[in-house]
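Chains X and E, in that order, give the protein sequences.
Just so you know, we're using the working numbering here: the first sequence kicks off at 3 and counts up by one.
Just so you know, we're using the working numbering here: the second sequence kicks off at 943 and counts up by one.
No lab work stands behind these hints, which were simulated from the structure alone.
Hints are not guaranteed to be accurate.
[Claimed, not checked] FRET-style restraints, in silico, Cβ to Cβ:
1. X:R119 - E:R1179: 20 to 30 angstroms
2. E:T1184 - X:D14: 29 to 39 angstroms
3. E:T1184 - X:A116: 16 to 26 angstroms
4. X:A116 - E:Y1100: 42 to 52 angstroms
[Stated by the list, open to error] Derived DSBU-like pairs: lysine-lysine, alpha-carbon spacing no greater than 35 angstroms straight-line:
5. E:K1273 - X:K106
6. X:K260 - X:K33
7. X:K106 - X:K137
8. X:K21 - X:K260
9. E:K1273 - X:K137
10. X:K161 - X:K106
11. X:K107 - X:K33
12. E:K1111 - E:K1029
13. X:K110 - E:K1273
14. X:K107 - E:K1273
15. X:K137 - X:K110
16. X:K33 - X:K161
[As the list claims (entries may be wrong)] Covered stretches of chain E, as calculated for chain X (at least 3 residues, CB under 8 angstroms):
17. 1162 to 1175
18. 1181 to 1191
Everything numeric in this text was worked out from a predicted model, so none of it was measured.
All C-beta atoms in this analysis are idealised placements derived from N, C-alpha and C, irrespective of residue type, glycine included.
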Amino acid sequence: MTQSHLELTGVDIEFPTPKGPFQALDNINLKVDEGEFISLIGHSGCGKSTVLNILAGLHQATRGGVLLDGREVDQPGPERAVVFQNHSLLPWLTVYQNVELAVKKVFKGRMSRAEMRDWIHHNLALVQMDHALHKRPDEISGGMKQRVGIARALAMQPKVLLMDEPFGALDALTRAHLQDSLMEIQADLGNTVIMITHDVDEAVLLSDRIVMMTNGPAATVGEILTIDLPRPRNRLALADDPTYNHYRHEVLTFLYEKQKKVEEIGSSSPAAAKGTTKDKAKERVA
Amino acid sequence: MNTNLSLKTPRAIAPFVNLARGESPRAQLDVLFRTVGLPVIGLMVFLMLWSGVAGKIDTSLGQFPGPAQVWNQAEALYVEHVAEREKAEAFYERQDDRIAERLANDPGYEPRIHDYTGKATFFDQVITSLITVLSGFLIASIIAIPLGIITGLSRNLYAAFNPLVQIFKPVSPLAWLPLVTIVVSAVYVTDDPMFDKSFLTSMITVVLCSLWPTMINTTVGVNTVSRDLLNVSQVLRLGWLTHVVKIVLPSSIPMIFTGLRLSLGIAWMVLIAAEMLAQSPGLGKFVWDEFQNGSSDSLARIMVAVLVIGLIGFLLDRGMLALQRAMSWDKTAIMR
Ligand SMILES: Nc1ncnc2c1ncn2[C@@H]1O[C@H](COP(=O)(O)OP(=O)(O)OP(=O)(O)O)[C@@H](O)[C@H]1O
Ligand SMILES: [Mg+2]
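Start from the sequences and build out the full structure, keeping to the hints where you can.
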C-alpha cells in the first residue's frame, strides 16, 4: 500500500462548551503529497484554524487522526512549523534572537555555533530581513514581523509548513510582495505547505490544490480544486489568463453560491475580491 | 512638550531644559507649575495645617510638636550620632594604643579586641531596620517567585497551594511574632552566632508577611501569558527551563514587579511593628524607647522617626520602580 506524505482520516472534533459539546469539524479527509502547496479556504468561523491546529498537534481530534510519513501526529513539534496569523514573535527578543530560539532548539548538537549563526542569517536573508537583525518586533512593521515569523518557521526545516492567514493583516502591496517571496522560497526548498487564506486570488496564485470547506458547525471538505497552472507563476501574466480566471470563478462560486452565508460578513464580499487582481498588478508595476 | 527629551531627562528637570532651549515658554511654565509648583504648594499647606493643629493639642508630655520642634530634634539626633561616633573612635584608638604598649613590653601577649558598646543612635537604628527589611524581602522574593511560577504553571499545584495562601495571607505579623521568637530561641542555638536572634526574629516575621503578594501576583502573571506564545513554545517543544526563562518570565515581569512592590511596602510596615513589639533593634525600637522615655522631646523625636519611616518607604518603592524599568524589556510602558 502506498502511503501519502500527510493524511487526515475521518477527523472530527468536538469542543466542550457550557451548553454541551460543539462539533466544529465532521469527517475531514485529505491526502497531501510531499512538496504540495495546499490552500484552505472557507467562510469565517467554519473551522480552518481548527484543522490547522490539529495538523500542528495543538488540538487533538475527537475521532480520526493525522498521519505524517506514517507516524501519528499527537503533539506539536518543529517538523510541523506554524506561521501564526498574528506573527507571535516574542516581543522581548530581537529578530535574530527570535529565529535563534527555534534554530537552537531544532539543531542543538547537529550544528556548531558558527553554522547556526550562518543558518539564521541565511533564513532571514531569504525573507529579506537581514537588515534588521537587532531590532525588536515593536520596532518593525507588520509585514516585516510576518517575514520574521516565516523565517523562523523555515529555519526549523520543517516537513510541513503550516500557515494561518499569514498575510491576512497586511496591505495589498506588501501581501503581493510576500506572496512572490513565498512562491520563490517554496520553489527552491520544496516544502509541503498548508495555508489558510481568505483571499481567492492568493489561493489560486499560490496553490497546487485548493481545499474549500463548507460552513460550520460540523464543517467538512466541500470541494477540492486542482490548480493546473505552470510554475513559476507570474501574477501579471495570469491576470488575463482564461484558465486562471476560470479557477477564480470556481472558488467564488463555491463560496458565494454553494456556501452562501446567511449573515454575510461584508469585509470579504465578492465585489472586493474581484477587483483585487488588476489592482495588485498595477501596484506591482508601480 | 518634547516627549523624547522627557524620557531621558528626569521629569522635574525637563521643563527647565526645554525653557533653556526656548521651546514655547507658556507650555513649559505650565509643566513646571504641575511638576514643581503644585507639590510645593501641597507641602506648604500641610506644614501650615500641622503647626496650626499641633498648637492646639496639649499632651502629658507638653504641646504636640510642630514642624520647627521636629526639625530641631532631627538636628539634635544628628549631633548625637556624630558625638557617639567620635566616642567610638576614641575608644578604639585608646584600645590600639594599649595593645601596642603591652606588645612592646610582652611580645607573647595575645591582644583581645573589644567592640565598642555604646548606645545605638537614630542613624544606627535606621541602618539596622534597612538591613533587616532588605534581607527579609530578598529571602521572601527568592521563595515567592519560584513558588509563584510553579503554581502558575501547574493547575494541580495551584489547587493544592491556593487555600493555604489565602489563609496565611491575611495573618497579622503580630500574631506570628511570638511563635517566631520562641522557635528562633529554641532552634537557633550556637556558641558563635552569626546573626542576632532579634535580627532573625524580625527578619523571619518580615518574610512570613511579604511572601504572599509576590507569590500571588507571580501566579497571576504566569497564568496570563498569551496563548500565542504558549503555542510557539509548544511547536518548538521547548524544554521546561527554556520555556520558563524565554517565555513565562519575560511576560510575567510586570506582574511580578507589582507583587514585589506590594511586598516591599508590607515588609517595611511589618518590620516597624515587629521591632516595636519584640524590642529588637531598629526604628521600631527607637520609637518605643522614646515613648517609654517620655521626655519633653520624645514626641518630636517620634515625629522625626515617622517622617523618616515614610521617606524610606517611598524611596524603597522608587528603588523597585527603577529596578523594574531596568529589567523590563518594554521601555515605553508607563509605570508609576
Ligand atoms: N477552543 C474552542 N472551544 C470552543 N469552540 C471553539 C474553540 N475553538 C474554535 N471553536 C469554534 O470552532 C469553530 C471554528 O473555529 P476556527 O477558529 O477554526 O474558525 P476559522 O475558520 O479559523 O475562522 P476565521 O477565518 O475567522 O479565523 C468556531 O465556531 C469556533 O467558535
Ligand atoms: Mg482562523
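Hint check:
1. X:R119 - E:R1179: 20 to 30 angstroms: holds (22 angstroms)
2. E:T1184 - X:D14: 29 to 39 angstroms: holds (34 angstroms)
3. E:T1184 - X:A116: 16 to 26 angstroms: Given about 22 angstroms between the Cβ atoms, the range holds.
4. X:A116 - E:Y1100: 42 to 52 angstroms: holds (44 angstroms)
5. E:K1273 - X:K106: holds (27 angstroms)
6. X:K260 - X:K33: holds (24 angstroms)
7. X:K106 - X:K137: Satisfied, since the Cα-Cα distance of roughly 19 angstroms is no more than 35 angstroms.
8. X:K21 - X:K260: holds (29 angstroms)
9. E:K1273 - X:K137: holds (14 angstroms)
10. X:K161 - X:K106: Distance of about 18 angstroms is within 35 angstroms: holds.
11. X:K107 - X:K33: Holds, at about 29 angstroms.
12. E:K1111 - E:K1029: violated (46 angstroms)
13. X:K110 - E:K1273: Between K110 (chain X) and K1273 (chain E) the Cα gap is close to 32 angstroms, so the pair holds against 35 angstroms.
14. X:K107 - E:K1273: holds (28 angstroms)
15. X:K137 - X:K110: holds (25 angstroms)
16. X:K33 - X:K161: Status holds; Cα separation ~15 angstroms.
17. 1162 to 1175: Satisfied; 4 residues make the cut.
18. 1181 to 1191: It holds: at least three residues are needed, and the stretch 1181 to 1191 of chain E offers 3 whose Cβ sits within less than 8 angstroms of chain X.
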